[in-house]
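*Asks:* Keeping their order, the protein sequence lines are chains D and G.
Using this note's numbering, the letters of the first sequence correspond one by one to residues 1 to 251.
Using this note's numbering, the letters of the second sequence correspond one by one to residues 1 to 276.
Just so you know, these hints were derived from the structure itself, not from any lab.
Do not take every clue at face value.
What the hints assert, rightly or not - Using C-beta positions, here's what the derived DEER-type ranges look like:
#	chain 1	residue 1	chain 2	residue 2	range
1	G	Q172	D	G47	27 to 37 angstroms
2	G	V147	D	L123	46 to 56 angstroms
3	D	G21	G	C72	48 to 58 angstroms
4	D	Y19	G	Q172	58 to 68 angstroms
5	G	D89	D	C80	21 to 31 angstroms
6	D	A22	G	S266	19 to 29 angstroms
7	D	D67	G	S256	29 to 39 angstroms
8	D	R76	G	V257	50 to 60 angstroms
9	D	C80	G	S129	26 to 36 angstroms
10	D	R214	G	G93	50 to 60 angstroms
11	D	G21	G	L94	15 to 25 angstroms
12	D	C80	G	A84	55 to 65 angstroms
13	G	S256	D	S94	30 to 40 angstroms
14	D	Y19	G	A231	47 to 57 angstroms
Note that beta-carbon positions come from the ideal geometry of N, C-alpha and C, so glycine has one too.
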Amino acid sequence: MPMNHGGPIIEIMGVYTAYEGADRPTLQDVSLTVRRGEYVVIGGPNGAGKTTLLETINGMLPITHGDAVVCGHNVRGDGCRVRCRVGYLLQNFSFDPLTPFTVGEVVMMGRFGKIGLFRKPGLEDHEAVARALSLLGIRDLASRPIGQLSGGQQQKVLLAQNLARNPEILLLDEPFSNLDMFARESINALLSRLVSEGVTVVIVSHAFDDLPDRPVRVVVMQEGRIVLDRECAPGLVEQVIRSTGGSAANA
Amino acid sequence: MLEFLIQNNIVCHAVEAMLFASIACAILGVIITQIHISSIGFTMAHAAFAGAAVGMFLSVNAMVTAIIAGVCVAFLIGPLSDKARVSPDTALGLLFGISMAVAIFFIAYMQTLGRGFSAMGLLFGDVISLYREEIYLLALISVVAVVFVVVLYKEITGIIFNKKIAESVGIQVKPVYYAMLFVIALTVALCLPIIGGLLLYVWLVTPAAIALQFCYRLSAMFVAAPLVAAAISVSGALAGLEYSLPVAPLTAVMFSVVFIIAVLLSPKRRVTFRKS
Chain D
1 MPMNHGGPII EIMGVYTAYE GADRPTLQDV SLTVRRGEYV VIGGPNGAGK
51 TTLLETINGM LPITHGDAVV CGHNVRGDGC RVRCRVGYLL QNFSFDPLTP
101 FTVGEVVMMG RFGKIGLFRK PGLEDHEAVA RALSLLGIRD LASRPIGQLS
151 GGQQQKVLLA QNLARNPEIL LLDEPFSNLD MFARESINAL LSRLVSEGVT
201 VVIVSHAFDD LPDRPVRVVV MQEGRIVLDR ECAPGLVEQV IRSTGGSAAN
251 A
Chain G
1 MLEFLIQNNI VCHAVEAMLF ASIACAILGV IITQIHISSI GFTMAHAAFA
51 GAAVGMFLSV NAMVTAIIAG VCVAFLIGPL SDKARVSPDT ALGLLFGISM
101 AVAIFFIAYM QTLGRGFSAM GLLFGDVISL YREEIYLLAL ISVVAVVFVV
151 VLYKEITGII FNKKIAESVG IQVKPVYYAM LFVIALTVAL CLPIIGGLLL
201 YVWLVTPAAI ALQFCYRLSA MFVAAPLVAA AISVSGALAG LEYSLPVAPL
251 TAVMFSVVFI IAVLLSPKRR VTFRKS
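Chain G extracted, bound-state conformation:
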């Protein structure tokens, strides 16, 4: 897609992957940070891990079972949180524990059967060795994330502001809330095997946290977070490949540095200091 700008195929694929995945994750990251479910990244990673373990045990495609497990967990987060009367974060913690238990059970069982296990690779994708189909999938995911937020913008902002107030003004909170959790979890489940856990966790939280330092409006955060994420991610990919440095850790460090600078420069914090 960006071949007209970048001649080298490997660099081009890496930049495209970083661009699409960072946009999708950063947009959804605004929702994640505002409704306090940052642990969704860990939970989905371990759901995929459990799915991969089951896939290996059943001798079917581990990537497919990893995604299926992720989708199943995505379906469960909302209803589990409601039915068990626990916060979404607690529901994520419960599902994390269950996923971990399933994964460890099958790994241990396969070891007793004398079968090796190498599903760990699923959790640590590599942005410099992606197939074209995987780039297309990431592009599709980013389009779905953007369309989802644009189409349900009113409802999403209402729920982020306050679920009870959103319900009182006539928003159909439950279906929109479940859809929000599902799209977030599905995005994480699909991006994880391609991009890997490290960048995913960074993208889900840091761009939104950087945007929050400067934005007084949620609408501005939805624009600023993906722009910041895309700029840093593409810079990280280009710098990493140019100087033969590991792309994902380099990009993660760049995000952390930008976050620290953002906190220091934030006008919101300056106001607080003046008051006290």
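With the rest of the complex left out, here is chain D:
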């Protein structure tokens, strides 16, 4: 079934990204165009550059060569504006039990970039936070300290933080880690709904059982390069990744 999508929302052109002190770039000559409303699964072995690609898209890592335009902004000079419109769920986070932040406060942080410097959260921001908490089914946790929640609940809170700023793109790095099967199913359904509403989802995941029931685009990376980029049925993702020679288990 061919997918119908909007115009390009991520355009990466011959990008090289290098960490300070590294003897070679982590991303090498990566080009990728993602259209609005696409669901992209990024696979590949450990150290292939998957997380680096996500952080390059939202401007958190410096691009040494090439260009990247995301949501109409050049990532090189406008990274902060890009990040106000892009949600990014980081991999493997857990918080100390004494962390002095409630769930509601953490989710509100997702709005801070949009609110801007020297301004306080308004009604619209509080409504967005309440909506995000409801979407993840954690509204009753709003006043709980985040450090006292389970790993799975903390993961949901961080996802709600990203949804609170109504992102045009969601970059998700292992979003299903720490989640039980019920939570995985509900988040999977939520992501499918968001994609149907035009949100672009780019996901790095081990959990190929939790992909939406629709064709997805698979991008496989090896040693900092994209070695495969094609659409396939969700049930075939693991097989497609294995066909490139990288172990799906290492994806």
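Guided by the hints, dock chain G onto chain D, whose structure is given.
*Replies:* Relative to chain D, chain G alone:
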């Protein structure tokens, strides 16, 4: 400022100084303890010490050079931490070592020239013999600290929560983080010669640590820490002056006692015990 409450000028000045400095340090202490840079007190003390030594060597006002050295170090903490790819605490350690080396060099050199050195006094201020101008400066510092936290509250809380997440949600982390370090270091540099090291170190850490025993929200810590600091500091000043006891050590001991009581009474710890 508080003459309408306290008739005795010496007591009034001491209470005012303790009140203003404790509020400024306790508010910034919440940030310091949450981003783990408690050693900023020692580093700034030795930066001021080095500045004073240079001032003595050049025969200029040692207090002024002490503050200038403190401000220079305040400017350096953030960029040094970033450029050298070390934690802010390590950057503070590096600057502490450099400051100490500069101070010792000039002291030793002046001794070979047969010149005495008495800059140590700069590190041990005396709250019961302050000039009115120094009280005004402390009041200004506390206002700056409060305004800074209120104006940049969102950004500060985001950075305290997690710098990487703060960056990912669109906060301009680097300039705010540098500003945070600078305001903290500047406050320490300005308070140090007036208040002295002992109380400063206590104020920068203990009120926030006491507040953390009871507060589940950072916003509550920003209110509780200065309130606790002000209450204990004013009590310490009044008790010390009433019973002719040394004010700074007495207040420091009172803070430690309150901290121990807070740990024993903390609901957070009770929950942990029940779980295990």
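*Asks:* Against each hint, give a clear statement of whether it holds in the structure.
*Replies:* Each hint, compared with the structure:
no., hint, verdict
1, Q172(G) with G47(D): 27 to 37 angstroms, "31 angstroms, holds"
2, V147(G) with L123(D): 46 to 56 angstroms, "25 angstroms, violated"
3, G21(D) with C72(G): 48 to 58 angstroms, "28 angstroms, violated"
4, Y19(D) with Q172(G): 58 to 68 angstroms, "22 angstroms, violated"
5, D89(G) with C80(D): 21 to 31 angstroms, "27 angstroms, holds"
6, A22(D) with S266(G): 19 to 29 angstroms, "45 angstroms, violated"
7, D67(D) with S256(G): 29 to 39 angstroms, "58 angstroms, violated"
8, R76(D) with V257(G): 50 to 60 angstroms, "55 angstroms, holds"
9, C80(D) with S129(G): 26 to 36 angstroms, "49 angstroms, violated"
10, R214(D) with G93(G): 50 to 60 angstroms, "54 angstroms, holds"
11, G21(D) with L94(G): 15 to 25 angstroms, "18 angstroms, holds"
12, C80(D) with A84(G): 55 to 65 angstroms, "24 angstroms, violated"
13, S256(G) with S94(D): 30 to 40 angstroms, "32 angstroms, holds"
14, Y19(D) with A231(G): 47 to 57 angstroms, "49 angstroms, holds"
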